[in-house]
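Student: Listed in order, the protein sequences are those of chains A and B.
Under the working numbering, the first residue of the first sequence is numbered 1, with each subsequent residue one higher.
Under the working numbering, the first residue of the second sequence is numbered 796, with each subsequent residue one higher.
Among the hints, a few may not be true.
Said to hold, decoys possible - Here's a subset of chain B near chain A, in silico, CB distances under 8 Å, partners left out:
| hint | residue |
| --- | --- |
| 1 | Phe-865 |
| 2 | Thr-876 |
| 3 | Ala-878 |
| 4 | Arg-929 |
| 5 | Ser-932 |
| 6 | Asn-934 |
| 7 | Leu-1039 |
| 8 | Lys-1042 |
| 9 | Ala-1043 |
Said to hold, decoys possible - Heads up, simulated BS3-like pairs for lysine-lysine below, C-alpha to C-alpha not over 25 Å straight-line:
| hint | chain 1 | residue 1 | chain 2 | residue 2 |
| --- | --- | --- | --- | --- |
| 10 | A | Lys-346 | A | Lys-450 |
| 11 | A | Lys-381 | A | Lys-346 |
| 12 | B | Lys-984 | A | Lys-724 |
| 13 | A | Lys-724 | A | Lys-744 |
| 14 | B | Lys-862 | B | Lys-809 |
| 15 | A | Lys-746 | A | Lys-716 |
| 16 | B | Lys-945 | A | Lys-210 |
| 17 | A | Lys-746 | A | Lys-724 |
| 18 | A | Lys-744 | B | Lys-945 |
| 19 | A | Lys-736 | B | Lys-812 |
| 20 | A | Lys-45 | A | Lys-117 |
| 21 | B | Lys-945 | A | Lys-724 |
| 22 | B | Lys-977 | B | Lys-1042 |
| 23 | A | Lys-716 | B | Lys-861 |
| 24 | A | Lys-744 | B | Lys-984 |
| 25 | A | Lys-724 | A | Lys-50 |
| 26 | A | Lys-381 | A | Lys-327 |
| 27 | B | Lys-930 | B | Lys-945 |
| 28 | A | Lys-91 | A | Lys-117 |
| 29 | A | Lys-736 | B | Lys-1042 |
| 30 | B | Lys-930 | B | Lys-861 |
| 31 | A | Lys-736 | B | Lys-930 |
| 32 | A | Lys-346 | A | Lys-494 |
| 33 | B | Lys-984 | B | Lys-945 |
| 34 | B | Lys-977 | B | Lys-930 |
| 35 | A | Lys-210 | A | Lys-749 |
| 36 | A | Lys-459 | A | Lys-346 |
Unchecked claim - Derived contacts from chain A toward chain B, CB cut-off under 8 Å, selection only:
| hint | residue |
| --- | --- |
| 37 | Pro-350 |
| 38 | Gly-354 |
| 39 | Leu-631 |
Calculated directly from the structure, the hints in this document are not laboratory data.
Just so you know, even glycine gets a beta-carbon here, dropped at the ideal spot from N, CA and C.
Residue-level listing of the chains:
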Amino acid sequence: MTEIYEIAIVGSGPAGASAAARAAQLGVSHVLLERTDHLSDTIFKYQRGKYVMATPDNLPLQSDLRFEADTRENILGWWDDGMEQFGVNVKFNAEVTGVEGEKGDFTITTAAGETVKAKHVIMAIGLQGNLRQLDASSIPGADNGLTEYQLDDPADYWDKDVIVIGAGDAAIENAVALAQNDNRVTIVNRKREFARAKSGNISLILTAIKDELLECAYNASPVKVNDNSMVLKTPEGERVVPADRVIARLGAIAPRGFVEAAGGVFEDGADYPRVNEIYESDRPGVFIIGALAGYPLIKHCMNQGYEVVHTIIGDPVESIVRQELAKKFTIIPGFTDVQSMLERIKANVPLFQGLTLLQLGEFMLDADIHFRKPGETFMEKDEAGDSLFVIHEGGVEIPVTPEMIFRLDQGAFFGEMGLIMGRRRTATVMADRSGQGAVCIEIPRTAALKLIASSPQAKKVMDDTAILRQLQTFLSPDLTADDLREVIDAAIPKTYSRGETLIEEGDQGDSLYVIRSGSCTVSRKVGASDVVLAYVPAGQFVGEMALLYHQTRSASVRANVPTEAVELDGALFRSLLDANPKLRAVVDAKARERAEENQKQGDDDISRKIEFMTSVGLGEATNAIVIDEDLCVRCDYCEKACADTHDGVSRLDRASGPTYANIHVPISCRHCEQPHCMADCPPNALQRDPDGAVYVNETCIGCGNCERNCPYDAIKMSALPEPKGGLFSWLLFGGKFGPGEAAKPKKSKENKEMSRKCDLCRDVDGGPSCVKACPTGAVIRMGPEELFKRIREGA
Amino acid sequence: MSAHTSFLAHERFKWFKLSAWLCLICIVIYSWYSPIGGRNGGTWVGYGLGGLGLLMILWLSWLGVKKRGFAQGNHTIRGWTSAHVYLGLSLIIIATLHTGFEFGWNVHTLAYVLMMTVILSGGFGVFAYLRYPRKMSENMSGASASGLRKEMSDLDVRLQRLAQRLPDSFAEAARLSIESTKVGGGFFKLLGGSSRSCGSARGRDIAREQAASLIDPDQQSVATEMVSTLSRKAEIASRLRKDLSFKAMMDVWLWLHVPMTLGLIASLAAHVLIVFFYW
């Protein structure tokens, strides 16, 4: 009689291998079935030398196998070693074709006709075994051997015509790597843009297209594959593109038929089979983990492999996520166990309603939990900060004025202005002075953005509250959610790209716009040209004149930078004002103030200067360097001071950058409200400190995403130059490089090219060195509001 | 633009006011103190003024070190420059009073003369710093020197292409422009910034002359493009020369100011030594 294994594991990827290793370590009888003749085929097929990330960073690994961010080769090596060391029972070349039977007695058949018996089955086959392919019935020649669905090593091709089909990460990485190896590459994108890929890869491919490193056929689809060319259907008609090789990267899907036969159930529209909290499928005894269960990250897969083995043998472990959470939760008064705490959090906080407990648990890993005694603060006014706070227990007070105190209770959140608008904290928040203290969950920016992106419910709660808060801040804190309910329900969120018009002068509209992020300029036509009247930062509203006085739009409002605004219905808002004379008085006063301000700024010269500065993107800056060329003696001491303060590499290019009249905006970081560079940093090395400086910490891996993402060229990848002697050794003994000068950096294995950018001299006393070092006062560094104010007042 | 504050106006002219007061006080003390034997450097007031002047000179020279000590301390170099300018100017009064208006052919007067040279060259420096930055901006009107140099080399490529489509007589114009459009050079060339012998300007004149004798309308239009390309290049070269010349004007005084300061300190050492040990 054949042996009945306790556990049969199908697939030896990260999830399967980790499960097998655990079973072997525990001495549980097991068999690992692998379709190919090597372990972990998905990783095996990665591009040679590919650097594999270990995200999410804060998720600890719980597995017998080693895994951390490293190259494909090293990772595969660790796993091979691990399997051998633990004595894992692997059957190679065993492609599973069917799983029959029930819990305690499964029969697994392979393509070779072998059968294996097991009490439990772990399905960890991932998705990559089932790559989407070109359909030879609709695309003749797709099966003629020219097309491959994988690129093992870009170095296999040199001086060849290669067509890459697809617009995802794999397609982009392959296309760029091939082009860099001197192949003539055409990437075929069915859509008119690259949207599906990681933003780092999007900028990578766009730069490559712009630099003509490769060609892109947009809105194109394959029609036919010939012996050494391919016919593409493009908007301009059919086109024949020469090809020595076609590489189609069309993604992968769950092998539905097979999974269903094994007992998995796909809900309507779902891409993955349904599993419960212990990863068991609808058929008892069959567990589904890893990418097949919808967890594409390697670390998740490995942790699940470990956990599921323990579950099967009846010795469940608290998942490592929960162990970490337990440590965090201990400061919450009344904490007993993680499960009930998660349930409590979910019940208390409307923002988390849309998450499953599994998602919430993982999400909480990123969060910090703070307990404050009555009167102690969670945040201070004017502090820079971009995290979101959610009140888990107790209440908080927000003193707007000494008399006017705002209160928020359990489940509410605060700090969203910093998060959405990238602005400094608008108020101090402290634990309720009359209560028992408060517990708040602090969610860092990236996690909060992920939450908003992944849960429509969270986004709606967030948006509505943000509008309410903005109206309260700028109109009257007395307004309640009930007063504004109608207005908020009818509000339309809108996004504008740079230069797009919110309001056109002379138009009839009467709606009011609340600027949520970005900034705008208000301008009026004088003669043939537009004269800029004002700069409107996020948090303010525009359009009140037409609304109040029933006139046509008196000025145009345009977005300086990508801007989000909320359009409020004019009629609804007016009826709100009519019902509330006090409020009407507030809005009237604001409108008068602005009308007066607008008249003051009729000066043409100032208007042009402000227009110039917003046109070069200072509108989204929080701290930008601006040089008065009438004072600048071109001594470059600003650059030298920068280099001297920062390991010999200047983060400022004084001579470059746009100039208008005497205003010069050199190339240097502006510390944007919503930093483009922070958008896609794999190790999260770009950080914002409490003073608002965006800086790179020591975890930078030198990938260059930030350099590509910065629209202002303010980030440079560079190694460090040799250290040199001080000022006096130069004065006395001479030397090639004086103060602020350095040799050209030579990159090496130890001295890698890393991201170098302005950090506002956060480690130095007295502010930025560039400003301090200027002998004539030509260099200043400040935010646009302060800058424009000074320019206006100076006139 | 008043978002910026010039070194002269630093902290509402704090150093100007301070220096003016200092001069006034020195003048009052000098006039009030009338010793037997007349006013001179050897009286107590004389020693006082001399000591003050010496300390000030040493402190003023320290700017050269200070401005290279980047990122140290919580002060701006603008403040130091401001103090440097106004206190430096006040030395004219303080040191002159110290002499008691006694001059002669000796090391003491040498020190005085060196000091005045340093101050006057510094005065020119202030003038240059006020005048040339604006001139430079106007001259470049928003372009950068590296951008213009890049454009010049692009124009060279175009000139060669155009010359190939025209009769040989145009080749000389292109060659002149490509080979002898010099920007920069020696000390006087740099300071002068003149474009009189610019190869591109000469090339343009030749091309213009040659164009008049062309008959084929196609060639004429190519020749017009050639003339405009040469004009553009001459224009750029002239701007770059002016740019360098303005920059040189802002630097040239330092070649006097700094060595003279070192000379001044040396002669001051001699002056003090002689006064106290050999008088």
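Student: Could you run down the list of hints and mark each one as holding or not?
Tutor: Do the hints match the structure? See the list:
| no. | hint | result |
| --- | --- | --- |
| 1 | Phe-865 | holds (4 Å) |
| 2 | Thr-876 | holds (5 Å) |
| 3 | Ala-878 | violated (12 Å) |
| 4 | Arg-929 | holds (5 Å) |
| 5 | Ser-932 | holds (4 Å) |
| 6 | Asn-934 | violated (11 Å) |
| 7 | Leu-1039 | violated (11 Å) |
| 8 | Lys-1042 | holds (6 Å) |
| 9 | Ala-1043 | violated (11 Å) |
| 10 | A/Lys-346 to A/Lys-450 | holds (17 Å) |
| 11 | A/Lys-381 to A/Lys-346 | violated (29 Å) |
| 12 | B/Lys-984 to A/Lys-724 | violated (35 Å) |
| 13 | A/Lys-724 to A/Lys-744 | holds (12 Å) |
| 14 | B/Lys-862 to B/Lys-809 | holds (20 Å) |
| 15 | A/Lys-746 to A/Lys-716 | holds (15 Å) |
| 16 | B/Lys-945 to A/Lys-210 | holds (20 Å) |
| 17 | A/Lys-746 to A/Lys-724 | holds (14 Å) |
| 18 | A/Lys-744 to B/Lys-945 | holds (22 Å) |
| 19 | A/Lys-736 to B/Lys-812 | violated (42 Å) |
| 20 | A/Lys-45 to A/Lys-117 | violated (30 Å) |
| 21 | B/Lys-945 to A/Lys-724 | violated (33 Å) |
| 22 | B/Lys-977 to B/Lys-1042 | holds (17 Å) |
| 23 | A/Lys-716 to B/Lys-861 | violated (29 Å) |
| 24 | A/Lys-744 to B/Lys-984 | violated (31 Å) |
| 25 | A/Lys-724 to A/Lys-50 | violated (36 Å) |
| 26 | A/Lys-381 to A/Lys-327 | violated (30 Å) |
| 27 | B/Lys-930 to B/Lys-945 | holds (22 Å) |
| 28 | A/Lys-91 to A/Lys-117 | holds (13 Å) |
| 29 | A/Lys-736 to B/Lys-1042 | holds (23 Å) |
| 30 | B/Lys-930 to B/Lys-861 | violated (28 Å) |
| 31 | A/Lys-736 to B/Lys-930 | violated (32 Å) |
| 32 | A/Lys-346 to A/Lys-494 | violated (30 Å) |
| 33 | B/Lys-984 to B/Lys-945 | holds (22 Å) |
| 34 | B/Lys-977 to B/Lys-930 | holds (21 Å) |
| 35 | A/Lys-210 to A/Lys-749 | violated (30 Å) |
| 36 | A/Lys-459 to A/Lys-346 | holds (16 Å) |
| 37 | Pro-350 | violated (45 Å) |
| 38 | Gly-354 | violated (47 Å) |
| 39 | Leu-631 | holds (6 Å) |
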